[in-house]
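Sequences listed follow chains A and B, in order.
Note that full-length UniProt numbering has the first sequence beginning at 1, numbered continuously upward.
Note that full-length UniProt numbering has the second sequence beginning at 1, numbered continuously upward.
Treat the hints as calculated values from the structure; they're not laboratory data.
Watch out, some of these pointers could steer you wrong.
[What the hints assert, rightly or not] Listed next, with one range per pair, are the computed distances between beta-carbon atoms:
#: 1; chain 1: A; residue 1: I168; chain 2: B; residue 2: F204; range: 30 to 40 Å
#: 2; chain 1: A; residue 1: T118; chain 2: B; residue 2: L132; range: 47 to 57 Å
#: 3; chain 1: B; residue 1: F151; chain 2: A; residue 2: L188; range: 48 to 58 Å
#: 4; chain 1: A; residue 1: A162; chain 2: B; residue 2: L276; range: 55 to 65 Å
#: 5; chain 1: B; residue 1: G71; chain 2: A; residue 2: G110; range: 28 to 38 Å
#: 6; chain 1: A; residue 1: A39; chain 2: B; residue 2: G71; range: 35 to 45 Å
#: 7; chain 1: A; residue 1: T118; chain 2: B; residue 2: T18; range: 54 to 64 Å
By construction, the Cβ of each residue, glycine as well, lies at the ideal position given by its N, Cα and C atoms.
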Amino acid sequence: MQTTPVFGLSRPTFGSHLRALWMITLNNWKHHWRYPLNAISDLLQPLVWLAPVYFMGQAFSVNGKAEGFAGYAGTDDYMSYIILGTALANFIMAVFWGMGYSLKWDMDGGVLEANWMTPLPRPLMLVGRTFSNLATTTLTSLGMILVASLIWGFHPTGNALAAVLTVIPLLIGLYGFGFAFAALVMILREANTLVDSGSFLVQILSGANFPVNVLPKWLLPVSLILPLTYGFDAVRGWLLKTRTLLPLNVEIIILVVSMFLMIFIGLRAFYALERRVRQKGTVGQY
Amino acid sequence: MEIATSQPSLVKASLSRTSLIAEIRAFYTIIWREWLHFVRYPTWVIAFIIWPILFPAVYIFSSFALAGPGGAGIPRFLQVAGTENFLGYIVVGTTVWMWANTLLWNVGFALRGEQMRGTLESNWMTPTSRFLFLVGTGPVHAATMLMFFIFTVIEFRIFFNLTFEANLLSLLIVFLAAIPALYGLGFTFASLVITAREANTFVFLVRGIVMIFCGITYPISVMPAWMQTVAQWLPPTLIIRAARAAALNRAPLSVVAPDVLLLLAHGAFWLTIGYLTFSQIERRARLKGALGQY
């Protein structure tokens, strides 16, 4: 009489899921660091964008003080404001390019079908990618802040712990959106223009580089719809003591609610994609 | 005997001995091919609508914030830039940067694109001058950039109510004088790219230099002295300075003439460098047989 193996991969357990998650994360982590030039480029590129912003700030500042800027932001420390915004914007870029293209890259590499044949919940592939992407982007952003602070100075005067705690729902919500975006990119296949202009637009509208109250009246409502706007605003409020759009506790509530909403939308979009490609049999096509 | 007399005329008429007319025909065909490539991918329409306004927007809104709600930062800008019109000042600078950026991605990657598609070797087997394959990418890019400039003017008029106080003749002369310098740089870059192969990092480096040194959103006088010296040797700095004068202050030809002459000198220099680099790379690739490798 034959017995069915209880601990085989065909009958996965919670433990085997955790092991798989660890392996997916490790795989992506290794993949990132195997291209060290790209990793260095990730660190240096934001600095290249910061340099002209610094000189532009100088063109409007007297004795290093951006008085005009203080009228909008509540601080004349323009560079700290920009450096923090750029570090957070790194995560937007990571989600749009890294998460957005994750399924597409697996598809192009011809491993998506094989990965999806394994007895794992399919969103787990993206969760693993999220962990490694978060870790690499955090390291890159911290490195960028360190280098930028040596060049231009970075002066956080507020509550760092509160700022870090505020970042958590912001990032979880952002990566939840990444699930939906990955599904969209996979369906569109050639999405460079969408990703390029989309990431740039989101950065502008969420106020990565300036207080959003300088936006024209017709554009401001779009900015205020984005949860990211409140995330950037709240983190700056905690760390740099800038003037916030709404009271900080209200902004945090918005972030937490949007986090659950984004996870829900992201998973729904992902399952819809999975159903669609299973019905059409197009996982291997690109 | 009959064969011997008829042979030379046959050889003369064949493509293996090209004439000037044949080279012109080939050049025209290369330009036409580039144009067809451009119009066959309609996503360019989206790019032409989005990017003229999207890229400058980040600097424009930053400048609004720096100016302050009561315009407290404007006197300082007037002092260093010589104009209160920081919006127009930024738009001209960022548009020239976009020109240099797309040049690097398009003309700079022209040969690399052929190499990736596997058509570089077969094209270079034809008796057409090989440099023409590279030069042929320039006119189409310049024409599309002219369209890009028109889109820029229209969009900023609509969304920001920005009017340019332009001297169109001066602006046109600056544009024409900028072409040899910029495209000479592009040809040099394209030649180096087929040797370096993975060229994205080079693009980031070159466009980063232009972005930092050439004063796309600020007067170069706010930079340290050594950076100002470097900036004076970069063609985009001259283009931006002359274009700002022509587009924002109705500068007559006599005002932009010094920059135009300098640009023409840069053009002669960079076209020569471009040609010499291309010849060296071509010779090296032939000797090493590395043309088809990528």
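Against the structure, the hints:
1. Checked against the hint of 30 to 40 Å, the pair I168(A) and F204(B) passes, with Cβ atoms roughly 31 Å apart.
2. Between T118(A) and L132(B), the C-beta spacing of about 53 Å keeps the proposed range 47 to 57 Å intact.
3. In this structure the supplied range 48 to 58 Å is violated for F151(B) paired with L188(A), their Cβ-Cβ distance being about 24 Å.
4. Between A162(A) and L276(B) the C-beta distance comes to about 60 Å, which sits within the given range of 55 to 65 Å.
5. In this structure the hint that G71(B) and G110(A) lie 28 to 38 Å apart at CB is violated, the actual value being about 58 Å.
6. Look at A39(A) against G71(B): about 43 Å separates their beta carbons, and that is inside 35 to 45 Å.
7. T118(A) and T18(B) have their C-beta atoms about 60 Å apart, which keeps the hinted 54 to 64 Å range intact.
Checked against the numbered hints listed earlier, the structure breaks hints 3 and 5; every other hint is satisfied.
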